[in-house]
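J.: Chains as they are written, first to last, in this note's numbering: chain P, 1 to 136; chain V, 1001 to 1136; chain Z, 2001 to 2394; chain E, 3001 to 3394.
Everything labelled a hint here was simulated from the structure, so no lab data went into it. Among the hints, erroneous ones may be present.
Said to hold, decoys possible - Listed below are the simulated DSSO-like cross-link pairs for lysine-lysine, each with C-alpha atoms no more than 30 Å apart in a straight line:
| id | chain 1 | residue 1 | chain 2 | residue 2 |
| --- | --- | --- | --- | --- |
| 1 | Z | K2067 | E | K3071 |
| 2 | E | K3011 | Z | K2011 |
| 3 | V | K1049 | E | K3260 |
| 4 | Z | K2127 | E | K3011 |
| 5 | E | K3154 | Z | K2127 |
| 6 | Z | K2011 | Z | K2301 |
| 7 | E | K3067 | E | K3127 |
| 8 | Z | K2154 | E | K3127 |
| 9 | Z | K2173 | Z | K2301 |
| 10 | V | K1049 | E | K3071 |
| 11 | Z | K2179 | Z | K2067 |
| 12 | E | K3154 | V | K1049 |
| 13 | P | K49 | Z | K2071 |
| 14 | Z | K2232 | P | K49 |
| 15 | Z | K2154 | Z | K2070 |
| 16 | Z | K2127 | E | K3260 |
What the hints assert, rightly or not - Chain Z stretches covered by chain E per the calculated footprint, using a threshold of three residues with CB under 8 Å from any CB of chain E:
| id | stretch |
| --- | --- |
| 17 | 2267 to 2278 |
| 18 | 2332 to 2338 |
All values derive from a computational prediction rather than experimental measurement. Cβ atoms here follow ideal geometry from the backbone N, Cα and C, with glycine treated the same way.
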Amino acid sequence: MTWPESVQEIIDHFQEIDDKFQRLEVLMDYSSEVNELPVGEWNESNRVKGCQSIAHIEIEIVEEKVSVKAAADAKIVQGLQGILTLAINGLLPEQVLNLSPDFVEEAGILNSLTPSRSNGYRTMFDMIVNSIEEAI
Amino acid sequence: MTWPESVQEIIDHFQEIDDKFQRLEVLMDYSSEVNELPVGEWNESNRVKGCQSIAHIEIEIVEEKVSVKAAADAKIVQGLQGILTLAINGLLPEQVLNLSPDFVEEAGILNSLTPSRSNGYRTMFDMIVNSIEEAI
Amino acid sequence: MKDQFPIFERKINGKELVYLDNAATTQKPNQVIEAMNDYYRLSNANVHRAVHTLAGEATEGYEECRKLLKKRFNAGRAIITSGTTEAINLVAHSWGHSNLNAGDVVVLTEMEHHSDIVPWQMLAERKSIELRYVPVSDGKLDMNAFEVALEGAKLVCVVHTSNVLGIRNPIEKIISFSKNRGAKILLDAAQAVPHELIDFKETGADFMAFSAHKMCGPTGIGALLVSEEAFKEMQPFMGGGDMIDTVTLSGSTFQADEHKFEAGTPRIAEGVGWSAALEWISKIDLLNHHQRLLSIARDVKVSLEERGMTVYSPLGPGDAAVISFTHPSIHPEDFARLLDAQGVAVRTGHHCAQPLMERLGVNGTIRASFYLYNDHNDSEKFLFAIDRVMEAML
Amino acid sequence: MKDQFPIFERKINGKELVYLDNAATTQKPNQVIEAMNDYYRLSNANVHRAVHTLAGEATEGYEECRKLLKKRFNAGRAIITSGTTEAINLVAHSWGHSNLNAGDVVVLTEMEHHSDIVPWQMLAERKSIELRYVPVSDGKLDMNAFEVALEGAKLVCVVHTSNVLGIRNPIEKIISFSKNRGAKILLDAAQAVPHELIDFKETGADFMAFSAHKMCGPTGIGALLVSEEAFKEMQPFMGGGDMIDTVTLSGSTFQADEHKFEAGTPRIAEGVGWSAALEWISKIDLLNHHQRLLSIARDVKVSLEERGMTVYSPLGPGDAAVISFTHPSIHPEDFARLLDAQGVAVRTGHHCAQPLMERLGVNGTIRASFYLYNDHNDSEKFLFAIDRVMEAML
Ligand SMILES: Cc1ncc(COP(=O)(O)O)c(C=O)c1O
Ligand SMILES: Cc1ncc(COP(=O)(O)O)c(C=O)c1O
Chain P
1 MTWPESVQEI IDHFQEIDDK FQRLEVLMDY SSEVNELPVG EWNESNRVKG
51 CQSIAHIEIE IVEEKVSVKA AADAKIVQGL QGILTLAING LLPEQVLNLS
101 PDFVEEAGIL NSLTPSRSNG YRTMFDMIVN SIEEAI
Chain V
1001 MTWPESVQEI IDHFQEIDDK FQRLEVLMDY SSEVNELPVG EWNESNRVKG
1051 CQSIAHIEIE IVEEKVSVKA AADAKIVQGL QGILTLAING LLPEQVLNLS
1101 PDFVEEAGIL NSLTPSRSNG YRTMFDMIVN SIEEAI
Chain Z
2001 MKDQFPIFER KINGKELVYL DNAATTQKPN QVIEAMNDYY RLSNANVHRA
2051 VHTLAGEATE GYEECRKLLK KRFNAGRAII TSGTTEAINL VAHSWGHSNL
2101 NAGDVVVLTE MEHHSDIVPW QMLAERKSIE LRYVPVSDGK LDMNAFEVAL
2151 EGAKLVCVVH TSNVLGIRNP IEKIISFSKN RGAKILLDAA QAVPHELIDF
2201 KETGADFMAF SAHKMCGPTG IGALLVSEEA FKEMQPFMGG GDMIDTVTLS
2251 GSTFQADEHK FEAGTPRIAE GVGWSAALEW ISKIDLLNHH QRLLSIARDV
2301 KVSLEERGMT VYSPLGPGDA AVISFTHPSI HPEDFARLLD AQGVAVRTGH
2351 HCAQPLMERL GVNGTIRASF YLYNDHNDSE KFLFAIDRVM EAML
Chain E
3001 MKDQFPIFER KINGKELVYL DNAATTQKPN QVIEAMNDYY RLSNANVHRA
3051 VHTLAGEATE GYEECRKLLK KRFNAGRAII TSGTTEAINL VAHSWGHSNL
3101 NAGDVVVLTE MEHHSDIVPW QMLAERKSIE LRYVPVSDGK LDMNAFEVAL
3151 EGAKLVCVVH TSNVLGIRNP IEKIISFSKN RGAKILLDAA QAVPHELIDF
3201 KETGADFMAF SAHKMCGPTG IGALLVSEEA FKEMQPFMGG GDMIDTVTLS
3251 GSTFQADEHK FEAGTPRIAE GVGWSAALEW ISKIDLLNHH QRLLSIARDV
3301 KVSLEERGMT VYSPLGPGDA AVISFTHPSI HPEDFARLLD AQGVAVRTGH
3351 HCAQPLMERL GVNGTIRASF YLYNDHNDSE KFLFAIDRVM EAML
């Protein structure tokens, strides 16, 4: 499968690193890519359920393009949100719907988290897809 | 440990036999040693609880000696009752109280039954001891 | 197939094991034993809400079981319990308690296992519910009586396949009649899932209960499948860790999914073992084995009858290969012990179905139940052992 | 001792495993794993009322567990459950339901695990019972408030040793106060039995609940010890096979002993595994290990505080070696993941004790809990890993 260029860069970046600790550090670096969802806009419908940490993610379509805002108190979760932002922000809704969530697996990002973590990530990805489907 | 002669004979008899099937056959032969407790005298207090089969055992002290009456619908259980009868009937109460229930193990009789069977046997032995303790 | 089941290497009283007590519990293939072994050796940890590697693996392993159950049985909801019995008690407490009221009717049958009778008797006493038992006649459920009993029923609880007689009840009919009258249906499928692949959604039932240990899985685990509609009507049963969302001193809120009904540390190793069993059994052609075993059982039935036994199992087309029988003069317990002395394992007694025993007019039966690994060799040894018992006793 | 626990041969992310999540579940020694293995390979069968060899062995194996429990804890009655959570729910249903009425008072504490809160909240809702929570102040139960709360109490439920803080509560005092006021006492001993040998009769408690998996035994099994007096007041909880004496269509009678509360096929392999764990642990000098581990934990506490952590565990003389802590700026989840990447397993979150978290004023903590096989080597690796996390994050 070929990914959008932004995603391919992330995958390449991660695949260079063997050490799990370092991969987590890199993951946390991506947290700065998040467009912050202000606390005032946190609500039940944008809350990521099943996470130990507090996490929210909100999708809008702005001028026909997908816009992601997010927030999390744990930096690793925010890092995941950052990667999702890079992968999705500014794409056309149809492009996102064509995207498979598996790229983070491909990149070994989820690998560097514990398996059950994948649920939180999957939840976020599903929330994105659902929001877009509702919006269009 | 030395057992009363009647018991020693039973032990010797069983120890000659290797085959479990044959040991069960011999065990059933002892069922004829039971002094039958008539159905009319069956009641809750002489019922052997925890048995799959119907079994009753009643102890009396007649002229200072222990007298055992019993009944069971399964022949193997009645065989055990027969052995208990041979071992105990006609002894003085104190002699019975000094007896250990282990002789059937020594003889490999319980061995020829399944382990959980021992409960039914133990129950009967305990019923005998309790009756005698109450009576004296 | 026996070589996949380590227990058959064992000698019983010097004889090869002829295991015909499968309706009580089945043996376990290597994969299942190894999976639990590996879990304890490599991945043991507590599940959920944890972030370390072992805990993640344990969680995935346990949740895999739920996924496999949903997939195999085509079910929307799979609650993991300690077995069929807990599953049925769960329905009584979490659905029955809040959806049944004084005067409401629950329909049972005389063929039920105690696990599908006693929970309802206990609930009936607490909530003044009426219990109606569909009678058994000629070894079958009386379907006319069933239709009459349905009048006003809120719930119908029926054993899919009888553990005593092997009879597969006409559950398709039972379910469609029940649904027409607006009653919910619980299937006790403890003896069914080992023998046939059931599509839960297609049956239209609301609840289906079964145990892992009767289908090559471990002890201590079972499941309750629930329809989406019934799931919405269920209240929590046991309270504790894992089933809550938030707990405060003034009250608690609960999880929305199956975890709501799984309080406390779950059966983790058991879930891993059951997953292995579900994987293993998914590769078996159950229908093929079913026909093979039924044909063996029918031959055995004929041979037993020739020897003067009364056989209670009809062994009709869909029935499981379970033969309940008695001898006119030899006590079942003596019979079973003398068989055991020859390496043959059968069960005797009331098989946790005293009302059915009453109906059959016996205190108990001898039951020989066949499973995947049994073959003609076993049935021959069984009959040979029977002959020796009869020689010795008559 | 690690060489007796096969899991320590495993590498986590290329590193040796430093397992400090023992309050969630402990690892299993070879004997325990082998015992279950052997059970499935050699003796697997369903228990009770059966007469064949395998069934006899299985029954003995399972009942051995009860015998060992009674012996180790000096208890008259040992009911086998699926764990602490089911044991407490059992008390709520089978004692609470029939002995507590509207207006009756049950005393709990703010330190309880959810498993000892939610069942009582559910019962309180059904039966209009009053729940009183003894507050925690300075990380301890407020004993003055406890005495006040006792007024008119019928039942006191208290955690013997806290799973969050390791605190061993003054249960001797709590029990004698409670008994003086005529209240029954339930001890949640899930975290106590792994660390100390408790003489149940001597404590004077009425109920004591705990899980096998926290004391080197398997998942899916636990126990409720019951005083003779309380046992007499208990009604059946779940209905089904094995717990009945007779079943007829018009009603059923129940077994007189513990089996009355063990409906359905029991946790057979689990009982065998727990027996092995009880045998194994009976040879361990728990007091000695307790002191050793507490001293390691105290050193760790000092080191954590030097690094700016807030440590909530007092680690007093009788307390378990459990350290709950937070860092002022690093999120517990990040912390735990970065530790995991270095092979260190700790737990984070609310530890199923949200009311206590509220009292401590935190959302969650990082918890490192030590057990028999942990040593100085582990604590050094733990601190080393902590330093690396702090370097990376600050
Ligand atoms: C103090 C305490 N009580 C109760 C429990 C519940 O035990 P289980 O989950 O084994 O039922 C635990 C463990 O999680 C505990 O630590
Ligand atoms: C038909 C039926 N229902 C229920 C049960 C109870 O299953 P378990 O004992 O595993 O809870 C059994 C097995 O004994 C059964 O055969």
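J.: Hint by hint, note whether the structure agrees.
T.: The hints, checked one at a time:
1. For the given pair, K2067 of chain Z sits about 41 Å from K3071 of chain E by alpha-carbon distance, which is inconsistent with the 30 Å threshold.
2. For the hint pairing K3011 of chain E with K2011 of chain Z, the CA-to-CA distance comes to about 39 Å; that exceeds 30 Å, so the pair is violated.
3. Restraint check for K1049 of chain V and K3260 of chain E: the C-alpha separation of about 15 Å stays at or below 30 Å, so the hint holds.
4. Straight-line distance between C-alpha atoms of K2127 of chain Z and K3011 of chain E comes to about 56 Å, which puts the hinted pair past the 30 Å bound.
5. Annotation: proposed proximity of K3154 of chain E to K2127 of chain Z holds, straight-line Cα distance about 25 Å (limit 30 Å).
6. Only pairs whose Cα atoms come within 30 Å are accepted, and K2011 of chain Z paired with K2301 of chain Z is accepted, the gap being roughly 27 Å.
7. Straight-line distance between C-alpha atoms of K3067 of chain E and K3127 of chain E comes to about 36 Å, which puts the hinted pair past the 30 Å bound.
8. As the CA atoms of K2154 of chain Z and K3127 of chain E are separated by approximately 25 Å, the hinted pair is consistent with the 30 Å bound.
9. Our distance criterion of 30 Å between C-alpha atoms is met by K2173 of chain Z and K2301 of chain Z, whose separation comes to about 28 Å.
10. Note on K1049 of chain V and K3071 of chain E: the hinted pairing holds, with a Cα-Cα distance of about 24 Å set against a maximum of 30 Å.
11. Only pairs whose Cα atoms come within 30 Å are accepted, and K2179 of chain Z paired with K2067 of chain Z is accepted, the gap being roughly 28 Å.
12. For a cut-off of 30 Å, the pair hint linking K3154 of chain E to K1049 of chain V is broken: about 35 Å separates their Cα positions.
13. In summary, the hint linking K49 of chain P to K2071 of chain Z is supported, as the alpha carbons are separated by about 24 Å, within the 30 Å threshold.
14. Proposed proximity of K2232 of chain Z and K49 of chain P is supported: the alpha carbons are some 19 Å apart, at most 30 Å.
15. The straight-line distance between the Cα atoms of K2154 of chain Z and K2070 of chain Z is roughly 26 Å, inside the 30 Å bound, and the hint therefore holds.
16. Taking the CA atoms of K2127 of chain Z and K3260 of chain E, the gap is about 21 Å. The hint holds against a cut of 30 Å.
17. Counting residues of the stretch 2267 to 2278 of chain Z whose CB lies closer than 8 Å to any CB of chain E gives 4, which reaches the minimum of 3, so the coverage claim holds.
18. A stretch counts as covered by a chain when three or more of its residues have a beta carbon under 8 Å from one of that chain; for the stretch 2332 to 2338 of chain Z and chain E the count is 3, and the coverage holds.
The structure is inconsistent with the numbered hints 1, 2, 4, 7, 12, although it conforms to all the rest.
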